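Asks: The residues making up each chain are set out below.
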Amino acid sequence: EDQVTQSPEALRLQEGESSSLNCSYTVSGLRGLFWYRQDPGKGPEFLFTLYSAGEEKEKERLKATLTKKESFLHITAPKPEDSATYLCAVQRGSNYKLTFGKGTLLTVNP
Amino acid sequence: GAVVSQHPSWVICKSGTSVKIECRSLDFQATTMFWYRQFPKQSLMLMATSNEGSKATYEQGVEKDKFLINHASLTLSTLTVTSAHPEDSSFYICSAPALTRGGEQYFGPGTRLTVT
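Residue numbers (our numbering), protein chains in the order written: chain A, 4 to 113; chain B, 15 to 130.
There's no promise every hint is true.
As the list claims (entries may be wrong) - In the SDA-like style, the derived pairs of lysine to any residue whose C-alpha atoms are separated by at most 20 angstroms in a straight line are: (1) 45/A - 126/B; (2) 100/A - 45/B; (3) 55/B - 59/A; (4) 105/A - 45/B.
Just so you know, these hints were derived from the structure itself, not from any lab. Everything numeric in this text was worked out from a predicted model, so none of it was measured.
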């Protein structure tokens, strides 16, 4: 059974204080690992897809990396508007199903 | 990114009635769509896979007669909650993989269902 574990469950940062969120996974035949951002009362917003170990992708203050066992979402000099729940999900095989972790609630204080 | 819409964004219904939620892919075709539900402060739970031109497949523990799914076209899937009860109150979200974009999966904005 696919398993996705995110840590920490919640993270409070001061504006400008860089940090990383972790997503560890157990899945046979990983097709892709996805990162999403979700604001309260809204659907998840797509951030990144990573397909193979060693891959890295960046978008503004966010950088996602992938190893064979885990993925990190690095947040550099965060701003209050980066406050959200960040979700990690894995996809196995060709059926496009996603298995989600429980998410990390990030709060960035001004 | 690709756009997925949902309608309505929120709905209140009385216990025993049925509610239909629409999910549309606006700028790409989707032969497959997914339906999730999310309870407060919890992650997304996959309910079912909607397949264009064939029956939906349901995850274990999801009542297929209660949550009817119809994938009417390559851009539209509907979820009907039949004989709704207060315990069906939740946030329902659909998603669709954009096959022309490497299968990246995009989510709708969600539908808040409240059953009174």
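Asks: Indicate, hint by hint, whether the structure satisfies it.
Replies: Cross-check of the supplied hints:
Proposed proximity of residue 45/A and residue 126/B is supported: the alpha carbons are some 10 angstroms apart, at most 20 angstroms. Distance check on the hinted pair: residue 100/A and residue 45/B sit about 13 angstroms apart at the alpha-carbon level, within 20 angstroms; holds. As the CA atoms of residue 55/B and residue 59/A are separated by approximately 29 angstroms, the hinted pair breaks the 20 angstroms bound. Simply put, residue 105/A and residue 45/B have alpha-carbon atoms about 28 angstroms apart, too far for the 20 angstroms limit, and the pair is violated.
When held up to the earlier numbered hints, the structure conflicts with 3, 4 and fits the remainder.
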